[in-house]
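One-letter residues, chain by chain:
2 protein chains.
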Amino acid sequence: MTTASATLDTLETPCLLLDETRMTRNIERLNGLMAGHGVQLRPHLKTPKSIEVARRVMTRPEGPAAVSTLQEAEQFAAAGVTDLLYAVGVAPAKLGRVLALRRQGVDLTVVVDSIDAAEAVAARAREEGAAIPALIEIDCDGHRAGVQPGHTDQLLAIARTLHAADCLRGVMTHAGESYGCRSVQAIADMAEQERAAAVGCAEAIRAAGLPCPVVSVGSTPTAHFARNLEGVTEVRAGVYVFFDLVMAGLGVCEVDDIAATVLTTVIGHQPDKGWILVDAGWMAMSRDRGTARQPVDQLYGLVCDADGKVYPDLLLAETNQEQGIIKLRAGSGAALPELPLGAKLRIVPNHACATCAQHDAYAVVRDGDRRVVAQWQRFRGW
Amino acid sequence: MTTASATLDTLETPCLLLDETRMTRNIERLNGLMAGHGVQLRPHLKTPKSIEVARRVMTRPEGPAAVSTLQEAEQFAAAGVTDLLYAVGVAPAKLGRVLALRRQGVDLTVVVDSIDAAEAVAARAREEGAAIPALIEIDCDGHRAGVQPGHTDQLLAIARTLHAADCLRGVMTHAGESYGCRSVQAIADMAEQERAAAVGCAEAIRAAGLPCPVVSVGSTPTAHFARNLEGVTEVRAGVYVFFDLVMAGLGVCEVDDIAATVLTTVIGHQPDKGWILVDAGWMAMSRDRGTARQPVDQLYGLVCDADGKVYPDLLLAETNQEQGIIKLRAGSGAALPELPLGAKLRIVPNHACATCAQHDAYAVVRDGDRRVVAQWQRFRGW
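For the record, the sequence lines run as chains A and B. In case it helps, UniProt numbering puts the first sequence at residues 1 to 382. In case it helps, UniProt numbering puts the second sequence at residues 1 to 382.
Errors might be hidden in some of the hints.
Since copy identity is lost for identical chains, a pair holds within one copy or between any two.
To be verified - Restricting the straight-line Cα-Cα distance to at most 20 Å, the calculated cross-link-like pairs of lysine to any residue (SDA-like) are:
(1) 273 to 152
(2) 309 to 206
(3) 309 to 31
(4) 344 to 292
(5) 344 to 185
(6) 344 to 166
(7) 309 to 234
(8) 344 to 119
These aren't lab readings, by the way, just hints derived from the structure by calculation.
Turn these sequences into a full structure, and let the hints guide you.
Structural data, given as structure tokens:
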């Protein structure tokens, strides 16, 4: 039933919906911001994992784009994308697949953040007689991987190791801590911290007489509120394509910008408790509870009618594998809407990357239209 | 590389491993307990979602078995399973697929818990001239769906509605609250509460002169610690096949019984912080944090060496989409093991149903053997 002749009324549930109108608006917004900065956007395709979405997100069919797995790199390469960054520290055992893609003409760049990893990349490049371009990851905010800014000896040792095998392409960083910011001002400050860390490391590499053509930064929040991107050559962002409740809670978007939702059906009630049971459990939503760390906890998601209009204070409060329990927000004065058995609803998710990953396809709709205009496949795996 | 000629050393990571030795032991344990009670087990196949695992879990190729989606029902029916319970309240729009399976000779039973749902089932059965056998769900613990025990008028109204269309097959309940128990004694008490609710409702239906041949109860914890199953005709359980850290935390199994783990590779370090970075993030583990509600929080999972030996107090503490951060448990006196770039580890998950759902196949291994003896496909979707 999830075909182009379906409508919101005939789709089987649970079903992942993608509002193309909203998605296009989100894409145009960030493209406009990047054009204002005069900086290239490298969209991260780990959120959509779909050829059809990728074609709409990228400004050119060949890229640039970023990926989080070699499965993504291989799928997008097969669809004609030739400028790819594998934006997760590369395990040495994965270099064979990296080289196979490079031999096919894909300019795939890898990421390293240690001498050990740089040596593994350099050794393999020498063995194969083929450069494996690498960015050095910088830890701009203590969030995850990367060389600490100021650890210049370590940075230069990695840079020299890569350069000796013709593998040094630049630096990259990701301000993951921006997801914990509490204001647009704090996000803008984090964007500057991200920029300064990457540009500072690039300058240290250049001061040592080594090349550093690429300075890559980005996260969806910092990409939207950066005041200054001087010295940055590209910005990466992923979840902005769909947005989600975490991004709305941060003030990066409005709830009405969120393009990915889950269509569900009422399967029962517990009237004494004010519960409405639906067929969207954690299998359809994921277990992601990103808004639990925000001032307003949206539990497993905001409930809308089938057309996408948000019900005041109505939340997907609990999930089992294939069942969800809808309740009013604690303390709310709103009335529980009458939603009979079989009624269709949409759930707005905490985290688009996690919720979309639970589904094999997008049923594509447009704002204000009940028809499904397309079905776009997703892929997964590693 | 995920083939039958692979070993733990050559598998690409992240990769879902299934220890067949442990799985077989888990299956035999519950089969033995049920034989002792003289009660039929109806294994819930929502955990494995695999034909190969299903064949090993069921005592006969034709079932019985339970499923959580019609996709599962269709897949297992195509593999020859003919006795199936769709154990989630059925949405009226799904009855067409239920009927299609029944016409193919599959004895598929549905679940209802309201007059509205019973009327929808009865009306469709009359329209089609074909019974749709249904169990009435009983809410034995306030956890989810179901008629409250003691609401006999409502129970009998549903039973009569179903019976008038020849659709009344019995009652079912699920003690989901058993996951919150803090002792084996409390689980045993919950098992008795589950049994008493279902048997009491069955007796009320029979006292009204209506048939109630099936009395179906179960959850993995209550199935293992029930003292008495008098009046129960079948027990359902799912996660026992693999077990997980939530079940170990409840005392239903030992960590060494857990059959499903995720193989991962070290991709970096933050030595100043005592962090080890791996390529298993939430995409490979799921966002499930079931042990967060238990006395011992295992964060995103316990870390083992590639052969499955648990490291003391070493946890997958944080996850990004494709990266995990391993740390020692807070306050631990254990030493951080030396795990170089490229080292392989296994992560024991919180919740097997959620973690396995992130993968398309099981790489099957046996206790103490590094060879992959088989690859068993999983399916998903609705």
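Here's how the hints hold up against the structure:
no., hint, result
1, 273 to 152, "between (60 Å within a copy, 18 Å between copies)"
2, 309 to 206, "neither (53 Å within a copy, 46 Å between copies)"
3, 309 to 31, "neither (27 Å within a copy, 49 Å between copies)"
4, 344 to 292, "neither (26 Å within a copy, 32 Å between copies)"
5, 344 to 185, "neither (39 Å within a copy, 42 Å between copies)"
6, 344 to 166, "neither (57 Å within a copy, 29 Å between copies)"
7, 309 to 234, "neither (36 Å within a copy, 44 Å between copies)"
8, 344 to 119, "between (55 Å within a copy, 19 Å between copies)"
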